[in-house]
Amino acid sequence: MDLGIRGKRALMLASSSGLGYASAYALAKEGVDVCISSSNAGRASAAAARIADETGVKAVGLVGDLGDPANMDGLAQGAADALGGPIDILFNNHGGPPLRTALEVGEAELTDHANKMLLSLIRMTQLIVPGMVERKWGRVFMVGAAAVAEPIPNNVLSNVFRSAMAYYCKTLAGEVIRDGVTVNIVSPTAVLTDRTLYTAATFASKKGITRDEELELRESRLTAGRFGKPEEYGAMVAFLAGQNAAYSTGANWRIDGGGAKGI
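At position 135 of the sequence shown (counting the first as 1) the number is 134 in numbering that gives the first Met the number 0, and the numbers step up by one without a gap.
Since the hints were made in silico from the structure, they are not lab data.
C-beta: ideal position from N, C-alpha, C; glycine also.
A couple of the hints might just be wrong.
What the hints assert, rightly or not - Straight-line alpha carbon distances no greater than 27 Å define the calculated BS3-like cross-link-like pairs of lysine-lysine that follow:
no., residue 1, residue 2
1, Lys57, Lys169
2, Lys57, Lys28
3, Lys28, Lys135
4, Lys228, Lys260
5, Lys205, Lys169
6, Lys57, Lys228
7, Lys57, Lys135
8, Lys28, Lys260
As the list claims (entries may be wrong) - The calculated label-pair distances, taken between Cβ atoms and stated as ranges, are:
no., residue 1, residue 2, range
9, Glu218, Glu133, 42 to 48 Å
10, Glu149, Gly55, 38 to 44 Å
11, Gly73, Glu108, 42 to 48 Å
12, Gly84, Gly55, 27 to 33 Å
13, Asp67, Glu218, 34 to 40 Å
14, Gly55, Glu108, 26 to 32 Å
15, Ile262, Arg5, 30 to 36 Å
16, Gly73, Ala45, 38 to 44 Å
17, Phe238, Arg134, 45 to 51 Å
18, Ile208, Lys260, 23 to 29 Å
19, Thr209, Tyr166, 18 to 24 Å
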């Protein structure tokens, strides 16, 4: 299927690995030029080089520190300059927060992750979307989680800030759809990434078992009987970026192997 987005330009936040990288790769296979941002310059450049070598599109890597929303101005301009034009597709992502309960999370962590998971993403959206509106075409994505629909135990930072960003996206979606801009949340559950390995190791330590034993236990409980693959997540992002998905907006798309109990 030709998604009709060849030659578009995408800014992929925090996407040197995992779901972000898989999404960037899926877009690149459709002919989209991509800018990969990461807090680490080497990882960003290496990820971009792999994508360019394997897909033939223009791919660049830039440092993007989400810890301070003021950094987003330079990143937005740098991405447009590097790709040779305005951004058509914005992929809002961030690193996963540490696991904390509601009573143990500290003020410093709340402030830090408010910046990384909410304020920097809103700032970037406000920098990029007006241009999309002016050009009457754009795609905005947020990496969600099961926490968008239902709080996850021991994960208060994700619960608070992902749900807040999700409602920001839902609000924005209704404001810009008439201008040809869609805004969607794509939420993974049990997709095997470094984040999955981290949470498995954390809970395994508390249970006195190995990480692999924890992973096997989790997998046995999954409706699909297996973990999801990052490429399966990226495929959904690419589809929603396509021309044929222009009427799909303001939704939370679950990539969960049928695990959710509700519709």
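Results for each hint:
A threshold of 27 Å between alpha carbons decides the hint, and for lysine 57 with lysine 169 the separation of about 31 Å lies outside it, so the pair is violated. With a C-alpha separation of about 11 Å, the suggested pair lysine 57 and lysine 28 falls inside the 27 Å cut-off, and the hint holds. With a C-alpha separation of about 24 Å, the suggested pair lysine 28 and lysine 135 falls inside the 27 Å cut-off, and the hint holds. For the suggested pair lysine 228 and lysine 260, the alpha carbons sit about 21 Å apart, so the restraint of at most 27 Å is met.
Note on lysine 205 and lysine 169: the hinted pairing is violated, with a Cα-Cα distance of about 37 Å set against a maximum of 27 Å. Restraint check for lysine 57 and lysine 228: the C-alpha separation of about 25 Å stays at or below 27 Å, so the hint holds. A distance of roughly 23 Å separates the Cα atoms of lysine 57 and lysine 135; the hinted pair therefore holds under the 27 Å criterion. Between lysine 28 and lysine 260 the CA atoms are separated by roughly 33 Å; this puts the pair beyond 27 Å, and the hint is violated.
At roughly 47 Å, the beta-carbon separation of glutamate 218 and glutamate 133 lies within the given 42 to 48 Å, and the hint holds. A hinted range of 38 to 44 Å holds for the C-beta pair glutamate 149 and glycine 55, which are about 41 Å apart. With their beta carbons about 25 Å apart, glycine 73 and glutamate 108 fall outside the hinted range of 42 to 48 Å. The supplied range of 27 to 33 Å is broken by glycine 84 and glycine 55, whose beta-carbon atoms lie about 18 Å from each other.
For aspartate 67 paired with glutamate 218, a C-beta distance near 38 Å keeps the hint of 34 to 40 Å intact. Between glycine 55 and glutamate 108 the beta carbons are some 42 Å apart, a value that contradicts the proposed interval 26 to 32 Å. The supplied range of 30 to 36 Å is met by isoleucine 262 and arginine 5, whose beta-carbon atoms lie about 35 Å from each other. Between glycine 73 and alanine 45 the C-beta distance comes to about 21 Å, which lies outside the given range of 38 to 44 Å.
The hinted range of 45 to 51 Å is not satisfied by phenylalanine 238 and arginine 134, whose Cβ atoms lie roughly 21 Å apart. For the pair isoleucine 208 and lysine 260, the supplied restraint of 23 to 29 Å holds, since their beta-carbon distance comes to about 26 Å. For threonine 209 and tyrosine 166, the Cβ-Cβ distance of about 38 Å falls outside the hinted range of 18 to 24 Å, so the restraint is violated.
In the structure shown, a violation is registered for the earlier hints numbered 1, 5, 8, 11, 12, 14, 16, 17, 19, in ascending order.
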